[in-house]
Amino acid sequence: MDRIRIIEVKESIFADNNREADRIRAELKRQKTFLLNLMSSPGSGKTTLLMRTIEALKDELRIGVMEADIDSSVDAEKIAATGVRSIQLHTGGMCHLDAGMTEQGLKELGTEDLDLVVLENVGNLVCPAEFDTGAVKNAMILSVPEGHDKPLKYPLIFTVCDVLLINKIDVLPYFDFDLDKVREYAHMRNPKLKIFPVSAKTGEGMGAWTDWLRQQVGEWNHSES
Amino acid sequence: MHELGIVFHIIKTVERVGEENQLTTVSSVTLQLGEVSGVVQAELADCWKWAVKKTELLKNAELLIEPIPAVTFCESCNTTYETVRHGRICPYCGSERTYLVQGNEINLKEIAAC
Numbered sequence: 001m002d003r004i005r006i007i008e009v010k011e012s013i014f015a016d017n018n019r020e021a022d023r024i025r026a027e028l029k030r031q032k033t034f035l036l037n038l039m040s041s042p043g044s045g046k047t048t049l050l051m052r053t054i055e056a057l058k059d060e061l062r063i064g065v066m067e068a069d070i071d072s073s074v075d076a077e078k079i080a081a082t083g084v085r086s087i088q089l090h091t092g093g094m095c096h097l098d099a100g101m102t103e104q105g106l107k108e109l110g111t112e113d114l115d116l117v118v119l120e121n122v123g124n125l126v127c128p129a130e131f132d133t134g135a136v137k138n139a140m141i142l143s144v145p146e147g148h149d150k151p152l153k154y155p156l157i158f159t160v161c162d163v164l165l166i167n168k169i170d171v172l173p174y175f176d177f178d179l180d181k182v183r184e185y186a187h188m189r190n191p192k193l194k195i196f197p198v199s200a201k202t203g204e205g206m207g208a209w210t211d212w213l214r215q216q217v218g219e220w221n222h223s224e225s
Numbered sequence: 001m002h003e004l005g006i007v008f009h010i011i012k013t014v015e016r017v018g019e020e021n022q023l024t025t026v027s028s029v030t031l032q033l034g035e036v037s038g039v040v041q042a043e044l045a046d047c048w049k050w051a052v053k054k055t056e057l058l059k060n061a062e063l064l065i066e067p068i069p070a071v072t073f074c075e076s077c078n079t080t081y082e083t084v085r086h087g088r089i090c091p092y093c094g095s096e097r098t099y100l101v102q103g104n105e106i107n108l109k110e111i112a113a114c
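Order-wise, the sequence lines are chains A and B.
For the first sequence, position 43 (counting from the first letter as 1) is numbered 43 according to this note's numbering, and the numbering increases by one without interruption.
For the second sequence, position 39 (counting from the first letter as 1) is numbered 39 according to this note's numbering, and the numbering increases by one without interruption.
Careful: at least some of the hints might be erroneous.
[Stated by the list, open to error] Derived Cβ-Cβ restraints for the label pairs, each shown as a range:
#, chain 1, residue 1, chain 2, residue 2, range
1, B, Lys53, A, Lys10, 42 to 48 Å
2, A, Ala26, B, Gly87, 27 to 33 Å
3, B, Asn78, A, Leu172, 39 to 45 Å
4, A, Ala81, B, Pro91, 53 to 59 Å
5, A, Thr82, B, Ser27, 18 to 24 Å
6, B, Cys93, A, Ala26, 40 to 46 Å
7, A, Glu108, B, Pro91, 48 to 54 Å
8, A, Lys10, B, Glu82, 20 to 26 Å
9, A, Lys29, B, Gly87, 20 to 26 Å
10, A, Val74, B, Cys93, 50 to 56 Å
11, A, Val74, B, Lys53, 33 to 39 Å
None of these hints come from the bench; they were simulated from the model.
This one's a predicted model, so the numbers in the text were calculated from it and none came from an experiment.
Note that the Cβ used here is the ideal one computed from N, Cα and C, for glycine as well.
Given only the sequences and the hints, what does the whole structure look like? Please build it.
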């Protein structure tokens, strides 16, 4: 019987994923490609907002999209109809994407000739927040019908995001949604969170969001550090 | 939570360490689990038993859990307190300017193997 020895590991089980995510970011920097991870619950308007965003930016930036869903190619088809290169990732039941899956998607999409890639994550406010996908920035959408208490109920996703888009502001008159309260609660979780109230349907507020995104892409793709 | 996903991550890490150290059999894996990590221990144990049977290196490995209590720090009065008992509001000064300093770890501490 061989002697048993203790080997210290002392690392988080997410360490492998985090290392892989850092590698993805380094490679994207080299390629001058900006990856945005877009998260939200199902039905908040991710795909519609993404289509509007593509409309606004496609003449200046070369864009690619990775759609992640448990099943179907509904979203990838909608994006493809805008003329932008897109692929559909099927998670096969997994409720989120991690760095490994994102890397596979990026290889399949082909990113050398792209300025901006958007990863539309699986519709879920819990799990995607826990896994670094290798994205440069994380954005999330909270839509008016979902309620302004969500930052209190789902703290992690609000903490890991750089941007919060409050979508469907065109229906504010029909819901008890308090914009001031949602800002207060969201900033309690994350004081640095940038908040953009928008309507992907009417286009209201989209200018401020696309300006921010354009600036972020420019900074990432053209700075040395 | 992703108990099965976590088990897969642990197995992947142990297999890597196993290769680096030329291990053939793992007898136990010690996981430090934070009190508010969200992991359900019973589910983790079930997933572990199921998943390790499919490996050569870990098929008889025991999963040992070392719990880490959750502690929150209050920025307003510079004290720490028990997270689960008191939540986000400091029980000493009532401030909301608090954050978790320990308790959401899922750390692979060590492996006993030969």
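Do the hints match the structure? See the list:
no. : hint                            : result
1   : B:Lys53 to A:Lys10: 42 to 48 Å  : 27 Å, violated
2   : A:Ala26 to B:Gly87: 27 to 33 Å  : 39 Å, violated
3   : B:Asn78 to A:Leu172: 39 to 45 Å : 41 Å, holds
4   : A:Ala81 to B:Pro91: 53 to 59 Å  : 56 Å, holds
5   : A:Thr82 to B:Ser27: 18 to 24 Å  : 56 Å, violated
6   : B:Cys93 to A:Ala26: 40 to 46 Å  : 43 Å, holds
7   : A:Glu108 to B:Pro91: 48 to 54 Å : 52 Å, holds
8   : A:Lys10 to B:Glu82: 20 to 26 Å  : 25 Å, holds
9   : A:Lys29 to B:Gly87: 20 to 26 Å  : 40 Å, violated
10  : A:Val74 to B:Cys93: 50 to 56 Å  : 51 Å, holds
11  : A:Val74 to B:Lys53: 33 to 39 Å  : 38 Å, holds
Of the numbered hints listed earlier, those contradicted by the structure are 1, 2, 5 and 9.
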